[in-house]
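Q: Given the coordinates of chain A, assemble chain B onto it according to the supplied hints.
Protein chains: 2
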Amino acid sequence: MNEILPIPERVINELRAVVGAENALIDLEDRLAYSIDGTWVERLPQVVVLPTTAAQVGTVVVIAGREGIAITPRGSSSGLSGGALPGRGGIALSMARMRRIIEISRADQVAVVEPGVITGELQRAVEAEGLFYPPDPSSLGVSAIGGNIAENAGGARCLKYGVTGDYVMALQVVLASGAIIRVGGRTVKNVTGYNLRSLFVGSEGTLGIVTEATLRLLPKPRHTLTLAAEFMEIEDAAQAVTAMLMSGVLPVAVEIMDATTLACVEDLLRMGLPLDVGALLLVSADGNHLDGVRADLALLGQVCRDQGARAVQVAATGAESDALWRARRSIAPALARRKPNKLGEDIAVPRSRIPAMVRAIRRIAAEHDLLIPIYGHAGDGNLHPNILCNKHDSEEMARVRRAAGEIFAEAVALGGTLSGEHGIGLLKKEFLEADLGATQIAVMRAVKDALDPQGILNPGKIFPTGVSDW
Amino acid sequence: MNEILPIPERVINELRAVVGAENALIDLEDRLAYSIDGTWVERLPQVVVLPTTAAQVGTVVVIAGREGIAITPRGSSSGLSGGALPGRGGIALSMARMRRIIEISRADQVAVVEPGVITGELQRAVEAEGLFYPPDPSSLGVSAIGGNIAENAGGARCLKYGVTGDYVMALQVVLASGAIIRVGGRTVKNVTGYNLRSLFVGSEGTLGIVTEATLRLLPKPRHTLTLAAEFMEIEDAAQAVTAMLMSGVLPVAVEIMDATTLACVEDLLRMGLPLDVGALLLVSADGNHLDGVRADLALLGQVCRDQGARAVQVAATGAESDALWRARRSIAPALARRKPNKLGEDIAVPRSRIPAMVRAIRRIAAEHDLLIPIYGHAGDGNLHPNILCNKHDSEEMARVRRAAGEIFAEAVALGGTLSGEHGIGLLKKEFLEADLGATQIAVMRAVKDALDPQGILNPGKIFPTGVSDW
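Protein sequence lines correspond, in order, to chains A and B.
Here the first sequence is numbered in our numbering, starting from 743 and rising by one per residue.
Here the second sequence is numbered in our numbering, starting from 743 and rising by one per residue.
Check the hints yourself; a few may be wrong.
Given that identical chains are not distinguished, each listed pair holds provided it fits within a single copy or across any two copies.
Using 25 Å as the maximum straight-line C-alpha spacing, the simulated SDA-like pairs for lysine to any residue come out as follows [as the list claims (entries may be wrong)]:
1. Lys962 / Gln981
2. Lys962 / Gln1049
3. Lys902 / Glu972
4. Lys962 / Ala985
5. Lys962 / Asp1048
6. Lys962 / Gly904
7. Lys1133 / Glu1109
8. Lys1081 / Ser1136
9. Lys1081 / Glu1138
10. Lys902 / Arg964
Treat the hints as calculated values from the structure; they're not laboratory data.
Chain A on its own, in the form it takes in the complex (with noise of 0.2 Å):
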């Protein structure tokens, strides 16, 4: 799989069979459309297909297979860590075309999908239900469920809620050899069997490749209120994430943004952020009872006050609570306006460690002189340093590398993580064995090479290789 040769025309006509010619695309500009996701990364296709049934796909890798070529599945590509992208060139599989709702079943509460399904259009139409589907990754509006399953995509309701994983009741996978099995099933409990189902979830398309999924439902909470805490040092808001977490009362999210974030989106959305504070914290409990609801996020607001907020504003109305959410939302266009390219990191410590983890973030910005705004999910631990950049600066991304080494490597001493909800990817790879170590990386081999022996799922992702893929 090292070296890419040419995909011979016959395959490719094979590959046409399968899909229709129209869903196999080779034309230059069809495959650069195919060669880009969230990250700054470009990693060109040889061919783009895109299948309709388990079973083209199952064939597509049956091909594959007997011909060599790697296959690198891909939702919405709105992906932060490149793990959509074909890095070993060979055939693009868009989910794009799989994106029906197939079922929402209110009695058994599950929601059956094809996996090109948009998060954002699977969470309306189950709420029109009175159901609830709680992963919100930001990019919801774009993202698709196997995507999302990809790479096992959190949230900010995660807190409260748990990340996409933890609605995965079963899965469609097609192997490596092109076996159409399911995992799972559509029960709540199952323990028939090891647990293949979250070993799919989170694998980024390196064991198998999703093609429905049963989701788990709840039922929709009635209420959700929102309040914005203002804190003049972020260490302090830091702080506040803690206590609250002690305070008895579990919040539905816990959002931070910094200065220099609050700023980028103001200038974005001229909303009326504050811009002379040092963090504001977005915190949301909900339930089905108003008056608890109130009084869950009055002692939220009042622990906040305890921890030295500044200012603690309750959104008095939906319109108050969705305008927050939304600039919550706008963190990614609004930095995209700082500068061309950004290394949107991912880390997860204890939340005991947030604050330190700022404290080390802020420090390292400074020694490497780059603009590193500090948001993210911090009631999980999950924070996203955006390391701001231009991908053409070589001495700038020279910089944006070893500040990003020095940042995972603060997260792993702080008893932390190198990814919370990205993913490893193209991008963290190298990072890898100083976070799990040798012998569990080699663990993982093992698993990988018993389902994908001959390495054709995604290759290039996840294990260290000993070349940067920067």
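A: Quick look at chain B alone, frame taken from chain A:
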């Protein structure tokens, strides 16, 4: 691993040197004490080893690997599928001496424990800190966390809170090579590499031996209220379960007990359970605000009445609520008074199929002239039809086996699975292929072979061998 050879004296001496002579037991009476679990099956180990550290476990595994000796870890041996029985002789590795609660962190909301810690002890310890470890297998007074992890144990509260695996953040695991790794971490989110954590959970000691676990904790809800709803027909109770789950309230638990179960429990406890009903539902709701919990429970009670409940009684006091739950937890000893043995099944079906499953079990019981009390976690679709029997009555055991096979087949036909929370172990492996199919089992086998190429870790479990272990 097929023929069980004697373990040479020199190897016994080596094991004694590792754990101390008093912790490597070879006398028959000692070994007999480690030959049983919560089933009727007995499997004698050749030596019982009781380590106190992961390093000792690692050394024992190295010795076992070198000598080709099977090694079967066990917690408190309350398991219901034979998972902890030394199916191929060898070493019974008891974790009973590794029972320290190493840490309870309020700030990070985690507990770090050794595998021998009793589940109920952990719950009391964290509740003293205002925290909450939700998984509550009925055996929690005796079962160990390590066993809970090995089988991915559930319990009543799993309806709202999920199973053991949902609370496992990190594991220290001794691999088949004797190497010690840590998988997962102390962060709520972690997508760094494959999810080995969830792969080890529920793997019944066949992939590695857990020597330490970091468990996620929640704030302890301040109020829990319980109601009991009496139904003349069990089918109506089953319908009420589905209706409650569509009400918009997520109960903590919805438990069902049929008439036979109620009679057995009343016989044991003499607490005044209704004996003229078809089924009783126990329903709990919790939260931090008493008014809200009361309103939720009132709504659930109304749903029961709408579905034909003869009476709905809300426990007015904590003591009343505790009594109801004590009844639920007394089912196993109560059934044991009726017949000397029982096959405690553990099927799970989609919630909407509970009525159909109940009807099928009653039909199968009648056809095979067997007493099969039905109870379980109805809210999860996880039923425990217990086939009462006498293991010395071979004609009856043949009927038990046919009935068990038919119940499994019916569960799978209804979109369900063999086991919701007890695992496969020895007793259900012959039914595995009907549930998972040969291809999925081959994938699991490939994972097993990748992690334990010699097959020394708990051999004879999970995978069908063509030989029954009944």
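Q: Which hints, by number, does the structure contradict?
A: No numbers; nothing is violated.
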